[in-house]
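Peer 1: The primary structure of each chain is shown beneath.
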Amino acid sequence: MAQGSSPRRREGLLVTRRQFLKAVAVTAGLPLLAKVIEDIKKGQAVMKTLSSFRDSRVAMTTMYYWGQRVTYTKVVRSTCAGNCTQACGWKAYVNGNIIIGLEQAADYHVYDPVVGHEYNPRGCQRGASYVRYIYGPMRVLFPYKRVGPRGSGKFKRITWDQALKEIASKIIDIIQDEAAKYGGKDAGEAIVFFSPIPAYNYISAGAGYRLANLLGASGPLSFYDWYCDLPPGETITWGVQTEECEEADWLNARLIIIWGTNIAESRIAAAHFITNAKYRGTKVIYIGTDFNATARIADEFISVKPGTDAALALGVAKYIIDNKLYDEEYVKTFTDMPFLVRCDTKKFLRESDLVEGGSPFKLYVWDANTNKPVVAPGCMGDNRDLDLKKYGINPVLDGEWMVKLKDGRMVKVKTVFRILKEKLAEYTPEKVSEITGVPPEKVKMLGELLGKIKPAMIIEGGGTNHWFNNDLNNRSMILLLALTGNIGINGGNFNQYTGQYKVWLKGLGKYGRILKTRPENATLYVWVHYYTELWKLGKTFKEIVADIEAGRLTKLPGPLPGKFQEPVSTDPRNVRGYRNYLILKALAEGWVPVYPKPPKRPRAMIIWRGNFLNQSKGGFKTLEWFKDPKKLELIVVIDFRMNTTAVFADYVLPTATWYEKFDIETTPMHVYIQALNAAAQPLGEARSDFEIFKMLAKAISMEAARRGGVRFYDTRNKVVHDLTKVYEEFIDAKCKENPFFKGLCSEGCLETPEMAAHFILKHSPVMYPDPEGYAKYKDQLAPEVRKLIEEKLFKGDVDGYIYGLLQLIKKHPVPFPSAQTRKRPHTPWRDNVEKYIPWPAGGKLHYETAKLPGGVKVPVLFISRYLSVVPHGGKTLTGRQQFYIDHSYFLALGEELPTYKPPEVDPLPNGQPAPLKMNTPHERWGTHSTFRDMDLLLRLQRYMATVAISKEDAAKYGIRDGDLVEVYNIYGSFVAMARVLPGVKPGEVWVANGAEMTTFVKGWFNGVTPIRPKPTQAVQYPEEAKPPFYHIHYGWNLWGVTGNECDTSVAIRKYKGSTP
Amino acid sequence: MAVKIPDSGYVFVIDLNKCIGCQACAVACKVWWKTDQYEAPYIWWRIVETRPGPGYPKNWLNKKMLGLELKREDYEPEAKFRYENLFNNKESTVPPRIYPLPIPQFGPNWDWDKGEGNKPEDAWFFYLPMACMHCDNPACLRVCPMPGTAIIKLPEGPVLVNPEFCGGCMQCVQACPYARMFFSFERKKASHCIMCAPLLERGEPPVCVRTCPQRAIYFGRIDDPASPVYVLAKEYKVALPLLPVLAEKHGVVPRVLYIPPVLTPPKPDGTPRYDEKYMDLMFGPDWRRVKQVLEQERAKGPKSKLMQVLTMYPTWKL
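Protein sequence lines correspond, in order, to chains A and B.
Quick note: the first sequence, position 259, residue 259 per the numbering used here, numbers continuous.
Quick note: the second sequence, position 213, residue 213 per the numbering used here, numbers continuous.
One or more hints might be untrue.
Computed list of chain B residues with no C-beta within reach of chain A, every gap over 12 Å [claimed, not checked]:
#: 1; residue: Leu66
#: 2; residue: Glu91
#: 3; residue: Ser184
#: 4; residue: Arg202
#: 5; residue: Lys249
#: 6; residue: Arg288
Taking lysine-lysine pairs in the DSS-like style, the calculated list, with each CA pair at most 25 Å apart, reads [unchecked claim]:
#: 7; chain 1: A; residue 1: Lys283; chain 2: B; residue 2: Lys300
#: 8; chain 1: B; residue 1: Lys119; chain 2: A; residue 2: Lys956
#: 9; chain 1: A; residue 1: Lys510; chain 2: A; residue 2: Lys742
#: 10; chain 1: A; residue 1: Lys452; chain 2: B; residue 2: Lys300
#: 11; chain 1: A; residue 1: Lys951; chain 2: B; residue 2: Lys34
#: 12; chain 1: A; residue 1: Lys305; chain 2: B; residue 2: Lys267
#: 13; chain 1: A; residue 1: Lys74; chain 2: B; residue 2: Lys34
#: 14; chain 1: A; residue 1: Lys91; chain 2: B; residue 2: Lys317
Here are the simulated distance ranges between beta carbons [unchecked claim]:
#: 15; chain 1: A; residue 1: Lys454; chain 2: B; residue 2: Lys80; range: 55 to 65 Å
#: 16; chain 1: B; residue 1: Glu78; chain 2: A; residue 2: Ile98; range: 56 to 66 Å
#: 17; chain 1: A; residue 1: Gln681; chain 2: B; residue 2: Leu101; range: 35 to 45 Å
#: 18; chain 1: B; residue 1: Lys300; chain 2: A; residue 2: Gln912; range: 49 to 59 Å
#: 19; chain 1: A; residue 1: Asp799; chain 2: B; residue 2: Ser92; range: 50 to 60 Å
#: 20; chain 1: B; residue 1: Lys80; chain 2: A; residue 2: Lys1054; range: 20 to 30 Å
#: 21; chain 1: B; residue 1: Leu101; chain 2: A; residue 2: Leu537; range: 40 to 50 Å
#: 22; chain 1: B; residue 1: Lys300; chain 2: A; residue 2: Asp344; range: 23 to 33 Å
#: 23; chain 1: B; residue 1: Ser92; chain 2: A; residue 2: Pro599; range: 31 to 41 Å
#: 24; chain 1: A; residue 1: Glu848; chain 2: B; residue 2: Pro266; range: 47 to 57 Å
#: 25; chain 1: B; residue 1: Tyr278; chain 2: A; residue 2: Glu448; range: 45 to 55 Å
Rather than coming from a laboratory, the hints here were simulated on the basis of the structure.
Note that beta-carbon positions come from the ideal geometry of N, C-alpha and C, so glycine has one too.
With the sequences and hints as input, model every part of the structure.
Peer 2: In structure tokens, the structure reads:
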């Protein structure tokens, strides 16, 4: 158009009155114009930013046209709760009862004067897309009952009343049947409860755990170890679950090594801390297999062959030691490096070796001052701290001597450091390069950087943690930071963030009565029952082990028939058989709990807030159980969406989404407590998880009463379960547990989610200020929080304090008062280094409390205020960061020190080793399986499950981008679309962790994964009887056998079949 | 550099060194403006492209360079997910499958994370968030048969379509050098990013700016020295117009500027990972100077004003 280029038009707005009226008259008509003008008049006061809208009526009309889409009546803050670990606050814009849009709350500064805007805005595309779940076609809006075979996708809508009655009735049927079979004892055991990651909504999870307790059921099954997010190397080295700094501390690092975690995809809300640190001068290194979004934002990208990371770390450790780049004072004081180890037994030299009646928990270092072995201060059997100078001890780091045992024999002892040096000799840069594919000069570069830049941190993730030898990976990496004195300082530490594991609020355990139920390791639960089907042997663990030792049992019943059956053997040369034997021995010893115990087997599963089947390693066997109503007689799934597990359920109950219920949430990535709030009423007939469990408790009580009472004895917890009382106990009808609400409630003091939240917060020590730090750090508290502390808490009104805090939490995130009255940002181990406290929690100190004004008692140590230290723990055997583990399993497998072991290999159906590694990374389109079935995000990732493959391998196997390909091994196969990517490492394919079975053409990713339990993760340590503390001990999600899957090997070929 | 940087009004600056391709801006835009329902599902006012790559619509850059027209098949196909199978499966598959049939062969973000190269050691790509550039002297407006009515340009910068007045001639779609004018082939209406004008009017920044978790999108008045966009585009001159060749050819002055993706890790041999010719095409030769400035300022650490702005929050000043 000629007009278009007129100079006037180019300047900007150009609408003549004539054009405008014409346009309005033609297309819209005058009533619209009148409405527009009226609206504009009303809104005149806010029209400030775009002044030009006032100048043009066309602009006004246009504005009105678009403005209608973003009209809302209220804004409600809630929190995204997808177990991506990030816990981001979102504001829901609501019109009537409909949420029209979501926006990051960006309010982390409101009650946090210290960190300010650093955490804002926080939230990613997954969170932004969540409205599509609330109103999407996969949303479960009504109770459903299965009408076709399991998994057929044939359901009918039923009423809540029918659903609850039928489920209650079936549960009681099973309980009565079990009671009849097993003499009235432990009749609830066959019902198994599973709900992962309570930290992303404590009440929804806790309500179900509480019901499990009241039914004497099995579980709750663990998840953190099962999902392989637990870094076992941390427990082995430090005696804790996982200790990490909050994200804001990344900014304090001068060197960040991102190792095996794709932060830019799986930690999107946190990724700006990396780019911000980088802009402020921090050097960022990414070590991973692929060139991906995280590699892009690094200064250096080091591509490593899958599963060889420990070799790289040990090569760097060798360089650091050889070039004396380690921090000698730190290593002598805070690690086990100077400890003496006997060369004959490979065990630590103990007082019981030297002195009649000596303690097996007193260990030695060689003192240079006196030139003799002395008991190391602060080791497990010694009550001093780690301040060696105070005790006049100067341990020799590198040496070997002869010592005389109590029987007069002379044995050679070496320091751990000496043994480590000898072991590391083989990890030359050239050898490491051969194993890892990393050029030798890069190995040296890493050593130089780590030796010279401080503070330095490693951020680790699933990429190196989801391996069979994940403990060795963790330990090798921690070693680098301990050698360089980077553990226990701001900007340092080994920070492993995978999963929303950390239970900051200890009150959860009390509310859900978890320890009084049957908390167990899910990996071994699945391995024992679904995978190897040990119940088929009809024997107990002890009998099974006896049979193996007598040579009567050489194969387990599952998972595969014929030559691929799992072997068992006491012969270490039979590698797989020996491992299975060690696992079974650990089960027989009771080091790791599994319920029900063989020959009993599970019969029902109640699953909520999780997608058990889809995410089950060894999925090809788990699927058999889910398909067969004779094996699992009842499967109940409570979810807001029809996920893969729900498709296989007998009953699917509709739950409220994250914007339709109240709950509380925390994460290890920051120290804020946040609320989920109901922005809208639950859609359809959905109810909150809490409400559903409350209704189910009532239905069970009524059904039990109808049957004239159902009672049985629980031998584990030594209580009698009376099912007619389930409901009144569930809601605390007697107001004994939560008396604050006595007189304020209608039926019981735990009858609403708010009351449960109050109870949980009240019993969580992190909610109280630090007794020592309050005076010094009170200015770090928001005035609102300080007021509550001083006017309520310190005057003895604990309930008033908690109630007041909860009201604040509903509005904006509140940093834990405990964390806020210490130095922020939070980073672990600072207390240990600054105050010479033995690892992890000073032994007895772990159990000591201090009194706040007003009378509340709080554990003295910060680390003791949340779930982290293993049960009965408090000290590692050496009282230090311990790299040498003299447990018999570790010695038998050659893993007493961090070492490198090549990845495991799975066979193909023809028995040949499968050539490719199958990685299952957490990439950006989902949080595990959540979001993986959502149209909006599927459209951004080729509409279905995909397999990424390198250019080189694609050429080798004749695969083009966009082809459907079959990935297979001995366990099974799946079909998905190939993506040929230059950034993928040859020798590897990857499929997104959590891709829903319903998005594959055939099978799914867990259809090809085995369960490969590692014996070193089933131990209790020390092995000697009655230790004062445990260094390693089973703890629900704190320590347990991990369900690793990255060693899975596969082959790939073009798929030529049909596409159902 | 012949392409001018605007002297007044609102400007976006997007830091491509920070962008991680998460599509949060694209998703938030889709959710807030409900283009699936009101326009058409394949209309993505905002989308993050992996470059080099086909982008969205498919191969738009090649087509614009060659002067070819955009057609329906260049956009996301109609894809119906089979969700009803989850509740009432009419097919025999166990479990039901929900992916669309026929399986689409193209879509928005189809080649994410692909780029160039052969193996991790030499692979290279960057993310390029794309939306209407709100050009001065907009090409769309110039060809519109109802200029100033169906498409208007405000002095503060925004270019707005009013679909109520749009006749559906599609000339603007073909005229836009950046292929950011979208067209609903069913409704015969053009539409594009509206700079969230109704929100802006309330004193709030556009949704994409607020949503970016990487804080990579800056927004403000280019004539306000206190605005981050002024510091980036005028003071340090690190923000450049995209595809200056096309901008020049069409005589447009884009209001979305980009900090070129120059801070990428080198290849193992120390040579830069990016393809210089491609960078020249996308940002003009000036990206080399930008790289120098960024590296110099980064070495100064947090005291550099540029680095302060590049790490600041909020990223907007209205």
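Peer 1: Indicate, hint by hint, whether the structure satisfies it.
Peer 2: Results for each hint:
no.: 1; hint: Leu66; in the structure: holds, 23 Å
no.: 2; hint: Glu91; in the structure: violated, 7 Å
no.: 3; hint: Ser184; in the structure: holds, 14 Å
no.: 4; hint: Arg202; in the structure: violated, 5 Å
no.: 5; hint: Lys249; in the structure: holds, 14 Å
no.: 6; hint: Arg288; in the structure: holds, 19 Å
no.: 7; hint: A:Lys283 / B:Lys300; in the structure: holds, 13 Å
no.: 8; hint: B:Lys119 / A:Lys956; in the structure: holds, 14 Å
no.: 9; hint: A:Lys510 / A:Lys742; in the structure: holds, 19 Å
no.: 10; hint: A:Lys452 / B:Lys300; in the structure: holds, 20 Å
no.: 11; hint: A:Lys951 / B:Lys34; in the structure: violated, 38 Å
no.: 12; hint: A:Lys305 / B:Lys267; in the structure: holds, 17 Å
no.: 13; hint: A:Lys74 / B:Lys34; in the structure: holds, 19 Å
no.: 14; hint: A:Lys91 / B:Lys317; in the structure: holds, 21 Å
no.: 15; hint: A:Lys454 / B:Lys80: 55 to 65 Å; in the structure: holds, 57 Å
no.: 16; hint: B:Glu78 / A:Ile98: 56 to 66 Å; in the structure: violated, 26 Å
no.: 17; hint: A:Gln681 / B:Leu101: 35 to 45 Å; in the structure: holds, 36 Å
no.: 18; hint: B:Lys300 / A:Gln912: 49 to 59 Å; in the structure: holds, 58 Å
no.: 19; hint: A:Asp799 / B:Ser92: 50 to 60 Å; in the structure: holds, 58 Å
no.: 20; hint: B:Lys80 / A:Lys1054: 20 to 30 Å; in the structure: holds, 26 Å
no.: 21; hint: B:Leu101 / A:Leu537: 40 to 50 Å; in the structure: holds, 46 Å
no.: 22; hint: B:Lys300 / A:Asp344: 23 to 33 Å; in the structure: violated, 59 Å
no.: 23; hint: B:Ser92 / A:Pro599: 31 to 41 Å; in the structure: holds, 37 Å
no.: 24; hint: A:Glu848 / B:Pro266: 47 to 57 Å; in the structure: holds, 53 Å
no.: 25; hint: B:Tyr278 / A:Glu448: 45 to 55 Å; in the structure: violated, 33 Å
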